[in-house]
Structures are given as structure tokens and as C-alpha cells.
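Residue numbers (this note's numbering), protein chains in the order written: chain A, 5 to 326; chain B, 12 to 385.
Just so you know, the hints here were simulated from the structure itself, not pulled from any lab data. It is possible that part of the hints are untrue.
[To be verified] Label-pair ranges, simulated between beta-carbon atoms:
#1 A:ASN150 - B:SER194: 57 to 63 Å
#2 B:SER194 - A:SER28: 36 to 42 Å
#3 A:PHE196 - B:GLN229: 24 to 30 Å
[As the list claims (entries may be wrong)] Just so you have them, the derived chain B footprint on chain A, three or more residues with Cβ under 8 Å:
#4 35-49
#5 144-157
#6 248-259
#7 307-317
Quick caveat, the model's predicted, so the values are computed rather than measured. Note that CB positions come from ideal geometry on N, CA and C, so glycine has one too.
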Amino acid sequence: MAPLKALEQEYPIINSSFQNFCASRGIFSVEDLLLHDLYVLVAFAEQESDAERLKQGITQVLSIIDGQHQPWLNGMELLEDAHRNKHVLSSGCEGIDFLLQGGLRKGQLTELVGASSSGKTQLCLLAASNVAKEHMGSVVYLDTGNSFSPQRITHFICRHSDPAIDQAKHRILQKVMNSILCHSVFDIFTMFDVLNLLELNLRSQMQRGDCQVQLLIIDSVSSLITPILGGSGSQGRALMVSAGFLLKKLAHEHNLAVLVTNHTVGGEGGICKPALGESWKSIPHVRLLLSRDRGGSGVYSVSVLKHPSMAPGKASRFMIDD
Amino acid sequence: MEQVVGSPKGWIDGDESAKEMLARVLTARPFLLLPPLHRVPLRVGNVVELVGPSPSSKTHVLIQAAVSCVLPKEWNGVHYGGSDHLVVFLDLDCRFDILRFSEMLKHRIIGESIGSMKIDSEKMDFDLWNNDKKRRPAYDEELYVLCMRRFLYARCYDSFEFLATLKTLHYRIQKEEEAHGTSVHMLMIDSIGAFHWIDRASTFMPVGGNNRKSHSLQTVSETVVQEIRKLLVLHPMLVIATKATILGDIYAMNDAKWNLRKPDTSNCRSGRITSQQLPYREYMPSIWQTFVTHRILLRASDDHLPVSNDQNHSLYFSEWLLPSLSFIDKFIVKEVFCFGTCRLASSLFHEVRRDLWCSLASHFLIFPIMPGLW
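The whole structure should be built from the sequences, with the hints applied where relevant.
Dropping the structure here:
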């Protein structure tokens, strides 16, 4: 919300007479100008003595406004970006990969919904270990419930590898562990801090080819949002929606796959429904419902609640520990 | 004598020739749109709102309308039946999937080329297994690229970016129209209520001056409506906005009487829902509500149609709320399998008065898509 004064240095046309003219109309910053009708402003400028300079100033501010929105793309450019940058990351679990036609897609926000102990954290750990190992990228893991377990990561890495070569295994394990950055966050404001810092870091290291962050996991996002959602006030929901937009922005601009987990609450008729309410429903790209089959056989079922190019209801089963 | 001859002649000459009148009327002719937008003739200058809970195929309807708009009427001897214009898509939800748009466009292009070549689809199946390349219909890559380029997209992460985009949209449209040689006919906004909570919670107290406008839900909505109105004067186009029903659950928990307002399929079957019993809670400010000229309610059905081996169909209901029509359309969004990957295609069968099933004309042939085509 920088005031117009701050722009004077860079754009000398926005001088004090222009600022005074704007102040007389109640405009003190560029954002104020967004709420005003520019044609009406030009009409008022015509009546002033230095009409030409004022109109030039308005044109200058309009071009500043033009730089404040996201760039325009046509369909072919979008497609090129999707093919070049928005690849699919395998989650390490064949059932999920089959259901999602390859795995977690970069640029998309995937949500895992499930009751407690339905395998959400296990899947997150599996995805983290797989991305760090196979895709050679780094993973940012935001852990809200102290459930991050290096032992499980080690187990996932070592179970498929050849037990003969210990030295190589040790090196791979070191590399994987170095690539997974785990932060403990216990409230939504800390999460915003961590994510904003991540965004700054990513923006400043755009050119680095190796060891880029490829996956962002928040386990679980609902435990951060539920305490602030409550009653009919809009502050909690506003924070939730802002968090959603920040995650989607990170996913799209920096080509990350974002994986978040959500718990379930009781709905009408005793059916479980995902938490966080109606407003959250339109935020993730992909929503998957996880459940654990009874009988303790270690078999999980997953079904699609929402997907941009698939009908809801498609399901599959998988095991995490074979 | 001249004067007497002059005035009747002038009266007979008229104001415009038939050619001029036709040119004027044809630019404002109604769109030929697909279900569920087909019930009421829509013209440029109309503002259509697609309301529905998430998910209810609102974006799918938008994508389909966009595909119809960017395709030309005829190309290389094949009739596509499109409007041959540009589409502007403002993605406020930031969830748009270009791959889906691309697949639907390809599907439509191939469908039309096959339809025009009158190849028997069963024969084609057989030939697929034999990998007979001669039977493969000509897929027009040039047309595909042309149509993809006609789709103009921008995303907005907050209201400021949305307003900035709207303010500079006029110049952008001018530039693009010059570059493509055809005008913009559709403005799509997905979805209009995306920043509702953020704007509502914004309690910005203006500092410095009493006439300073504060950034609130009311002022943002007023500015949005004002900008779109100005845009429609300069560039007549059809505005289609989607809106998610995000206030559905607050009242359901607190107040039993709101339960009567929840979408209930048994209610629907008995007939229309009058304007008094809106099946969702309206949250957009009244300035937007009065700006909207047409409104459709979309809903997913809880049951899915009997699923065959590898295909999954989702059933959706659509109902016109403004103008209020007395029946409900049902439509299916089918997936089309592509040998190992699956794509959502736009096969729509509509049901009139729940008795008749009729399929749309040649636009929607469902057929297995050959591998290696793309």
C-alpha cells in the first residue's frame, strides 16, 4: 500500500501537484486508484490548470497498474508451461499413482482427507522419501503434530534397495535426509511466516538447477486452521482462504507439488465429511479420501473426491508396507 | 417540384440498407450454446451466473462454452459450428487446468472431422487393433494451435490484482483483437466469490481524508461491476461467471430451518423451486446480484450412473433460476478413455421433463481415441 509519494522518485511525472490533485479526490495510493473510475478522474483533471500533465500522470499510474497483475497468457503458452514445468511426481505408492494418472502434479494442491490413523501421515512420509530419492529434489515438510519420523523415511528408502552395497545405501540415505527440510509449526501465523520465507528464498534462487524444492507437505493443515475457524466471523475464513491462495501461488509460480492433509468431522446422517467446511472445498485441485480397511491387514482404500480431469468416485486400494 | 419529390424519396430511402441492418443484427445474434446454457437465448451484454456447490461441473461448462467460441464455423471443408471469436478467462480460483481444455478442444476437432468423413466407428475400432494408419482421421494441428491461441488467460491472487486486470483489460482486448483479427465474444470469471471472505474481513480504516474509499467488500464489488459495465459498452461480449455456494454449512449447523433450504433432490423432482426458496444462501452484494441477468443452478447428483467396466459417468442437474424455468435438465459428463489415460469429454445428453432422452447432434461422438495421436 505504498503512497503515491513513494513513486515520485522513479516516475517524476507523479509530482506534488499530481499528488495534491489525487488527494483532493481521496486518492493517496495506487490501490486507492483501483477503486476509482479513471474516466471520471480524467474528466476532473480536464478542469484543472495543468490538465495535460495530470492526464500524463494518470496514464503513468495506469501503466504501473498494468504491471501489478499477473501476466496474460494464451492457451499455447499455458500448455507449454504445463508440459515444461508442471511434471508429475510419483508418490511412491502404486495405488495412488495409478489413481492420479502418475502421481502428484506440480502446480496443483492435493489434499488427503481421512479419519485419524487412516494413513495420511504415512503417505506424506512415503511421498517425501520418494521425491527426495527418485526425483532428486528437496522437500519442505511442515509438521504440526510431531509426527515426522526419520526412522520411517529410512525404512522406506532401504526396503527396496539392494542390501549388498552398504556404502552406497548410506550415501543415498544421507542425501535424502539432507533434502528433506522439516519445520515444526503449531499455529497458522508461524505457517505463514515459514511459507513467506520459502517464497522469498525460491524467488531469489530461481536459476539454481539442482536440488530445487519440488514438494511441499503440510501435515496437517486442518489442525492449523480449525482453531481460528469458528462462529460466524469472517476473520478465520479469510485467513484460511489466504493460506489457500498462498499455497496455490507457491505451487504455480515455483512449480511445486503441494500436499496437505485434512481430517474428517461428522456430517448429517452420521456420514463423515472433510473438515474445514464449504469455503475450503474450492481451494484444493485434487481431493482424495483415505481410509484404512478393517481387520488390520494394512490395506488402505483411497477414492477421488475431486479432480480437475476425472470423475469423482474412482477408487483404488494399496498397501504401504508390503 | 424538387422539394415534393425530395421528401418522399428520402422517406422511401430509409435509414439503412438491408446489408447494413444484417451486419448490425448479426453481430448481436444469440449464441448457439450447449446444455445447460441452451434453454434461453443468450446475447452479448448478458451476464450469466452459474451457481453451485463445489464440485458441480461449473468450470466444465465454462470450458465447453469456450471451446465452442474459439472454434471457427468452418475450416478446410469441415463444419465445426463454432463462433470464431476470442475468449477472455479470468481465473480467480487459480485452479484452471489447461490440459483439460486442450483435450476437450482436440476431442471436438477430431469428432467433427470424423463426423464429416462418415467413418463407421465400429470399423474404426477394428482398424485400431490392426493399427491401420490409413483410417486415422486427419487431425488438424494448425486449427488446434489457432484455437488455443484464441484463449486468453490471466489469474488473480487477490482483489487488487483482479481490479488491476479489469482496469487494463480494455487495452489488452484492443491489442489482442488487432493481433487476431477477430473480436472477443466471451468474458469468463471463475469464480466471482473467490475473494469474498478476504474482502469481508478487510477492516481497513482509511487514514487521511474523509473522502478516501476504504477497501471493503462493497467498494470492491461496486468497482468490479462498474468496470465490467464500461467494458461491455466498448466491447460487447457475453459474461459468464461461476459462483460457489460457500455459505451452505454455517446455518445448517445452527438453525434447523435452514435445513429446508438445502438442495434436496426429492424437492426438485416435484417441480420448480420458486425464488422464495433459494436452495443456497446468497452472499454476493446486491450490486452484483442486480447486475446478473441470467442464473443457472448446477448440482451434482449423489448417485452415479451404472458404471461400465472402465467408464465413469457423473450425473449433474441444472436448473434455470433466472428466468425461472419449470423443469430440470440432467446431464452427464463422460470420460473418454485413451488407452491407459482417461480424459473428460463433453458428452451431454439432456433430458426434457425427465421422460425423453435425446442426444445432441453430431457434435458429441464418443469413440476410442487412438494412441500416438497426441
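Now for the hints, and whether the structure bears them out:
Remark: the range hint 57 to 63 Å for ASN150 (chain A) to SER194 (chain B) is upheld by a beta-carbon distance near 59 Å. Checked against the given bound of 36 to 42 Å, the beta carbons of SER194 (chain B) and SER28 (chain A), roughly 38 Å apart, stay inside it. Between PHE196 (chain A) and GLN229 (chain B) the CB atoms are about 27 Å apart, so this pair conforms to the stated range of 24 to 30 Å. For the region 35-49 of chain A, the stated coverage by chain B is satisfied: 8 residues place a CB nearer than 8 Å to a CB of that chain, which reaches the threshold of 3.
As drawn, the region 144-157 of chain A meets chain B at 0 residues by the rule of a beta-carbon pair under 8 Å; below three, the given contact is violated. Counting residues of the region 248-259 of chain A whose beta carbon lies closer than 8 Å to any beta carbon of chain B gives 4, which reaches the threshold of three, so the coverage claim holds. Closer than 8 Å: that is the beta-carbon criterion, and the region 307-317 of chain A has 7 residues meeting it against chain B, so the requirement of 3 holds.
Checked against the numbered hints listed earlier, the structure breaks hint 5 alone; every other hint is satisfied.
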